[in-house]
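2 protein chains.
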Amino acid sequence: MHTILKSEKKEVIIGIDKPFVIIGEKINPTGIKKLGQALVENNMDYVKQLALRQVAWGADVLDVNVGHPQIDEAAVIPIVVEAVRSVVDVPLCIDSNDPKILAAGLNAATGKPLVNSVNGEEKQLASVLPLVKDRGAAVLGLTIGEEGIPATAEERLKVAGNIIERAAKMGIPVEDIIIDPLVMTVGHNSMAATVTLKAIELIRKEYGVNMSLGASNVSFGLPDRHSVNSSFLSLAMQAGVTCSITDPIKLGSSIRATDLLLGKDANSMRYLKYFRATEKLREAEAAAKT
Amino acid sequence: MHTILKSEKKEVIIGIDKPFVIIGEKINPTGIKKLGQALVENNMDYVKQLALRQVAWGADVLDVNVGHPQIDEAAVIPIVVEAVRSVVDVPLCIDSNDPKILAAGLNAATGKPLVNSVNGEEKQLASVLPLVKDRGAAVLGLTIGEEGIPATAEERLKVAGNIIERAAKMGIPVEDIIIDPLVMTVGHNSMAATVTLKAIELIRKEYGVNMSLGASNVSFGLPDRHSVNSSFLSLAMQAGVTCSITDPIKLGSSIRATDLLLGKDANSMRYLKYFRATEKLREAEAAAKT
Chain A
-14 MHTILKSEKK EVIIGIDKPF VIIGEKINPT GIKKLGQALV ENNMDYVKQL
36 ALRQVAWGAD VLDVNVGHPQ IDEAAVIPIV VEAVRSVVDV PLCIDSNDPK
86 ILAAGLNAAT GKPLVNSVNG EEKQLASVLP LVKDRGAAVL GLTIGEEGIP
136 ATAEERLKVA GNIIERAAKM GIPVEDIIID PLVMTVGHNS MAATVTLKAI
186 ELIRKEYGVN MSLGASNVSF GLPDRHSVNS SFLSLAMQAG VTCSITDPIK
236 LGSSIRATDL LLGKDANSMR YLKYFRATEK LREAEAAAKT
Chain G
-14 MHTILKSEKK EVIIGIDKPF VIIGEKINPT GIKKLGQALV ENNMDYVKQL
36 ALRQVAWGAD VLDVNVGHPQ IDEAAVIPIV VEAVRSVVDV PLCIDSNDPK
86 ILAAGLNAAT GKPLVNSVNG EEKQLASVLP LVKDRGAAVL GLTIGEEGIP
136 ATAEERLKVA GNIIERAAKM GIPVEDIIID PLVMTVGHNS MAATVTLKAI
186 ELIRKEYGVN MSLGASNVSF GLPDRHSVNS SFLSLAMQAG VTCSITDPIK
236 LGSSIRATDL LLGKDANSMR YLKYFRATEK LREAEAAAKT
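Chains as they are written, first to last, in the numbering used here: chain A, -14 to 275; chain G, -14 to 275.
Bound conformation, chain A alone (with noise of 0.2 Å):
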């Protein structure tokens, strides 16, 4: 099954027999009080350094999230949109909780972009599929129901069944949709990965739909997070995961590798390339910072 993503003129497309697809998560305010305060005083150029940043170490499409509480993010989205297009000419995912920040957002992204997110509760799916059917989007559904995050692989296939049946009645093909089965910390819980390890294996199975999954939450409070974020993409790639809302610069090189590894990259060539431009790019930052 086919996901497929469209800029003004690129395709991406998502799929098991595909390389795996990285969404470069940084134009997200979280986390990065750099960005919020650019977005507060309205200047795009900050913005158009983490788009070419991440396009260059391997993103194949950007997240797109204003969310900050000193900005009217329905407003500013579609100024963050545009200065992004005109810098990339990638895929957007489109970024928010709140429907009419969607909605503006869906609006200003050309081609096709992708919805981030809708969950499984009946007031998200009410309000949030029908912005995707109406802009011919695919979207992101997280294994969320009504009563929050499902302990076990078998609920959150469940969940999974549910928003897919839902997007159907609504008109929404199944392969634009595409599911997060979700992980939390193993510092907290060390099951915590089996079970999403096994959520993969099932919804595969069933459903044979795209899967992504963020790629850092799995080691929130551990020391070294790159080694538990890293070995853990590798995991999730081989149960079936095919796309994630990651770190291009922190986690291309094990993406490469375990593509290659998985059989998807003829004569190593994505692999070589990668670690060439990367190669150079690393110099580059390197050489800019002293």
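Take these hints with a grain of salt, some might be off.
All copies of an identical chain are treated as equivalent in the list; a pair is satisfied when it fits inside any one copy or across any two copies.
[Said to hold, decoys possible] In silico SDA-like pairs for lysine to any residue, Cα to Cα no more than 20 Å straight-line:
hint, residue 1, residue 2
1, Lys97, Leu116
2, Lys118, Glu107
3, Lys(-9), Leu37
4, Lys258, Gly206
5, Lys249, Gln223
6, Lys249, His173
Derived by calculation from the structure, the hints in this document are not laboratory data.
Go by the hints and put chain G onto chain A.
Showing chain G alone in chain A's frame:
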């Protein structure tokens, strides 16, 4: 199924329900010139240093190989085994192609060592398995048949079956056989890792035996080998590999992280303990260099 290895006082259990077992690879003159020189000079200080350092960095078992053109290996291996035993109390893995050298090493080792290795060739089986039986050792069986390393997973399963059957006829219990399904470099053939991952699954399903992999061959000829090696080890662990002859200093972190992700580390105890210990080692080793 549990494979139990023993030193004088310690027991190491290898099994799918246990944390991954690291067999330190560094006592091997191939690739460590300084060790070859030390062996020629009958100087055991460097051997002891390599033993101590690997165990400090998390090796559960130590491989001992003395292959070098300028020494009488059968005479030297007992001296090296004795030197290792004098500084660390871990089970040993006696490593040679030559039955005479294996016999000398097994004779010097206490407890229950691992023999590295036998393959599926008739001549090898006939010369190595009796040594394993007589010593009450465990043995590593490589899936190499009369025509070399089979190209397909199904043929490697067949060679594994042949080794297990031949050992059984000789009275070696199946739990004392660890199969190495072998991996070639993905740099030459991009399906090389998927063949091995499939072989792991087939062998696990059919025989349930413990499996080992060398984790560095897979990246031969590629740049940034660490990304490929660590991702591959995670994938192999998920598929069912339970130990590896590898470098604990380079791969210890991602092995501990993968154990944690696979639900084999309650309350992250091993992960955290390893992080704290190696953080101190890293500082101490950096200080010693300056």
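Practice task
Output the numbers, in ascending order, of every earlier hint that fails for this structure.
Solution key: none
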